[in-house]
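Line by line, the protein sequences are chains G and B. With the numbering used here applied, the first sequence covers 1 to 104. With the numbering used here applied, the second sequence covers 1 to 249.
Be aware that one or more of the hints could be misleading.
Within a straight-line C-alpha distance of at most 25 Å, the following computed DSS-like cross-link-like pairs (lysine-lysine) qualify [said to hold, decoys possible]:
#1 Lys189/B - Lys32/G
#2 Lys190/B - Lys34/G
#3 Lys34/G - Lys187/B
#4 Lys6/B - Lys99/B
#5 Lys130/B - Lys7/B
#6 Lys32/G - Lys190/B
The following label-pair restraints were derived from C-beta to C-beta distances [what the hints assert, rightly or not]:
#7 Arg19/B - His3/G: 38 to 48 Å
#8 Thr106/B - Ala71/G: 44 to 54 Å
#9 Lys32/G - Lys130/B: 14 to 24 Å
#10 Val211/B - Thr62/G: 21 to 31 Å
#11 Lys11/B - Ile100/G: 48 to 58 Å
#12 Thr218/B - Ala14/G: 14 to 24 Å
#13 Phe36/G - Gly129/B: 46 to 56 Å
#14 Ile160/B - Lys32/G: 52 to 62 Å
Hints were generated in silico from the structure; no laboratory data involved. We put the CB at the ideal spot given by N, CA and C, even for glycine.
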Amino acid sequence: MKHNVYIYILIMFAVSFLLRALPLTLIRKEIKNKYFRSFLYYVPYVTLAVMTFPAIMDLTGTPAAGLIALAAGMIAAYFGAGLFPTAAICSVIVFAVEFIASRP
Amino acid sequence: MDNQDKKSQAKKWFLKGLRDGIPIAAGYFAVSFALGITARNAGLTWYQAALASLLCNASAGEYAGFEVIASSGSYITMALITAIISARYMLMSITLSQKLAPETNTTQRLFVGFWVTDEIFGASSTVPGKLNPHYNYGLAVCSLSFWALGTSLGVVVGNILPALAVTALGVLLYGMFLAIIMPEGRKNKKVGLLIIISMALSFALSRLPNVSALGEGTRIIILTLLIAGTAAFVFPISDAKKEDGSFEA
Numbered sequence: 001m002k003h004n005v006y007i008y009i010l011i012m013f014a015v016s017f018l019l020r021a022l023p024l025t026l027i028r029k030e031i032k033n034k035y036f037r038s039f040l041y042y043v044p045y046v047t048l049a050v051m052t053f054p055a056i057m058d059l060t061g062t063p064a065a066g067l068i069a070l071a072a073g074m075i076a077a078y079f080g081a082g083l084f085p086t087a088a089i090c091s092v093i094v095f096a097v098e099f100i101a102s103r104p
Numbered sequence: 001m002d003n004q005d006k007k008s009q010a011k012k013w014f015l016k017g018l019r020d021g022i023p024i025a026a027g028y029f030a031v032s033f034a035l036g037i038t039a040r041n042a043g044l045t046w047y048q049a050a051l052a053s054l055l056c057n058a059s060a061g062e063y064a065g066f067e068v069i070a071s072s073g074s075y076i077t078m079a080l081i082t083a084i085i086s087a088r089y090m091l092m093s094i095t096l097s098q099k100l101a102p103e104t105n106t107t108q109r110l111f112v113g114f115w116v117t118d119e120i121f122g123a124s125s126t127v128p129g130k131l132n133p134h135y136n137y138g139l140a141v142c143s144l145s146f147w148a149l150g151t152s153l154g155v156v157v158g159n160i161l162p163a164l165a166v167t168a169l170g171v172l173l174y175g176m177f178l179a180i181i182m183p184e185g186r187k188n189k190k191v192g193l194l195i196i197i198s199m200a201l202s203f204a205l206s207r208l209p210n211v212s213a214l215g216e217g218t219r220i221i222i223l224t225l226l227i228a229g230t231a232a233f234v235f236p237i238s239d240a241k242k243e244d245g246s247f248e249a
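Using the sequences and the accompanying hints, generate a full structural model.
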């Protein structure tokens, strides 16, 4: 089956918009269910961690470059580096390690 | 508050949003450039990528969506992955719904919801007192225009960049993900533990024979439901209010 890019984009839009807009328009009271609240709370951290590793290592030609960038990024973010600084540190490390590795 | 007063308040908050959105825009521009490279690899044109960014306003969500497109996944996979990865926006919207004045109308609520991102949520949820929706509009117009611009440029310029630079820029996104999860991992050791477990299991599932054939999207869904679902039972949050607040970081 051939998929249409615009239908893909429409689904991405519809789902993410509903998730964001429905709570704001419908739920005026706080959700009380402890389990559901806990689940929602943990979801982003688990998802983003799963997405980051091993993908960061598989993206780089030299796995070591991705691993070093991961370690450096985790340490930098742990000690309070923001979105952009952390991203930049990872990027520069991958560039440097891959550049060195690519030299004969 | 009379009408004139309301209008001047709206203008004041919109302009403040535009100003506060400048540093967010700078970060978005670089990160969305890398996202554009992912979009390009998925076969999207610059205007399709811009459309996706203007409509979805999501980093991880768009990235995962482009991966689904690249792997020609089913529409159901796309809906499921988008829902799972955007689950955090739902929580942010719940938090913001408490922050808006009760008289905020539905149209305004829809626009605030449409533009919920990690950074806009962070900036708007820390405003003292009730939140004027025009502040969110200002933040969004300033920062998310650069988000869409960067995504488009990533598609176009990704062509002429050497492979080494493309890889290095692609890593920007993973760095951004780390910047979102690590501060909470430090504050809450349970989250820190979950991050390590998630990475370990993700690696295991990607390497195990048979299981590795599942594909990245399915792996993300399975592991998220499994790990976050288990964690909710094992470590239910006791002071939900406080833990939600930490999303503001």
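Quick rundown of the hints versus the structure:
| no. | hint | verdict |
| --- | --- | --- |
| 1 | Lys189/B - Lys32/G | holds, 24 Å |
| 2 | Lys190/B - Lys34/G | holds, 16 Å |
| 3 | Lys34/G - Lys187/B | holds, 20 Å |
| 4 | Lys6/B - Lys99/B | holds, 18 Å |
| 5 | Lys130/B - Lys7/B | holds, 16 Å |
| 6 | Lys32/G - Lys190/B | holds, 21 Å |
| 7 | Arg19/B - His3/G: 38 to 48 Å | holds, 42 Å |
| 8 | Thr106/B - Ala71/G: 44 to 54 Å | holds, 47 Å |
| 9 | Lys32/G - Lys130/B: 14 to 24 Å | holds, 23 Å |
| 10 | Val211/B - Thr62/G: 21 to 31 Å | holds, 25 Å |
| 11 | Lys11/B - Ile100/G: 48 to 58 Å | holds, 53 Å |
| 12 | Thr218/B - Ala14/G: 14 to 24 Å | holds, 21 Å |
| 13 | Phe36/G - Gly129/B: 46 to 56 Å | violated, 29 Å |
| 14 | Ile160/B - Lys32/G: 52 to 62 Å | holds, 54 Å |
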